[in-house]
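Line order of the protein sequences matches chains V and C.
If you count by this note's numbering, then the first sequence holds residues 11 to 120, one letter each, in order.
If you count by this note's numbering, then the second sequence holds residues 212 to 329, one letter each, in order.
It is worth saying that the hints were derived from the structure and are not from the lab.
On a predicted model such as this, the values are computed, not experimentally measured, just so you know.
One or more of the hints may lead you astray.
[Claimed, not checked] Pairs of lysine-lysine, DSS-like flavour, derived with a Cα cap of 25 Å: (1) K231(C) / K52(V); (2) K252(C) / K107(V); (3) K107(V) / K225(C).
[Unchecked claim] Pairwise CB distance ranges (calculated): (4) I223(C) / F82(V): 18 to 28 Å; (5) T105(V) / A283(C): 23 to 33 Å; (6) E55(V) / S265(C): 26 to 36 Å; (7) D12(V) / K225(C): 19 to 29 Å; (8) H218(C) / N32(V): 27 to 37 Å; (9) M256(C) / E65(V): 41 to 51 Å; (10) S229(C) / K78(V): 43 to 53 Å.
[As the list claims (entries may be wrong)] Negatives, chain V to chain C, calculated, CB over 12 Å: (11) E19; (12) N32; (13) K78; (14) L97; (15) T112.
For every residue, glycine included, the Cβ atom is placed at its ideal position computed from N, Cα and C.
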Amino acid sequence: EDQVTQSPEALRLQEGESSSLNCSYTVSGLRGLFWYRQDPGKGPEFLFTLYSAGEEKEKERLKATLTKKESFLHITAPKPEDSATYLCAVQGVGTYKYIFGTGTRLKVLA
Amino acid sequence: GAVVSQHPSRVICKSGTSVKIECRSLDFQATTMFWYRQFPKQSLMLMATSNEGSKATYEQGVEKDKFLINHASLTLSTLTVTSAHPEDSSFYICSARPTDRASAGELFFGEGSRLTVL
């Protein structure tokens with residue numbers, strides 16, 4: 011059964027304190043792994059798509075990486091405005107469904 | 212690009228009434244749209260997959276007669292919560308996948324609709 015597990019559940023960082031969020035997945039053939047940011051009371055905002063192990067994508071202070079078993083979202087020198095819930099999702103080959111993790115709630119303190 | 216508009220953002224209704232939520236892809240066509248429900252501090256629970264011109268596919272445990280989905284065009288899907296009850300109160304989010312980028316796979320989400328049933 012396809013599965014996505016995100017850790018930690020919640021993370022508090024001081025402004026400028028870099029860290030990484032983890033997304034472990036089990037899927038029978040990966041079509042794509044997706045990262046989203048969700049602010050309270052809003053829909054998720056698309057960040058990255060990764061397709062194959064070794065791939066990396068960057069956007070401002072965020073960098074996503076992918077291996078055959080997990081993905082990391084690295085946050086470099088975070089700012090308070092980076093505070094949000096970060097969701098990871100996978101889509102397997104031959105399926106139209108997306109499996110979402112429960113997210114990591116990030117709080118960056120000034 | 213890839214903007215999904217969802218309306219209304221908040222709705223309060225009385226028990227027993229029906230509520231319609233619209234999901235529009237503004238700058239792309241979407242053969243497939245998805246409807247999710249989200250409980251506080253939990254992830255997205257897929258309710259149904261909406262395909263333009265055909266019947267929606269509902270997930271196990273989701274009552275299709277209660278949550279009516281219509282995908283009449285390539286840019287519009289609607290979710291109607293019929294005879295709403297307080298337990299239907301939740302945050303409903305739609306998403307759409309651009310038809311011309313089906314191989315890329317990204318989903319784009321609406322802003323969500325907060326339903327409160329009194």
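Hints violated by the structure (listed by number, smallest first) = 3, 4, 7, 9, 11, 14 and 15
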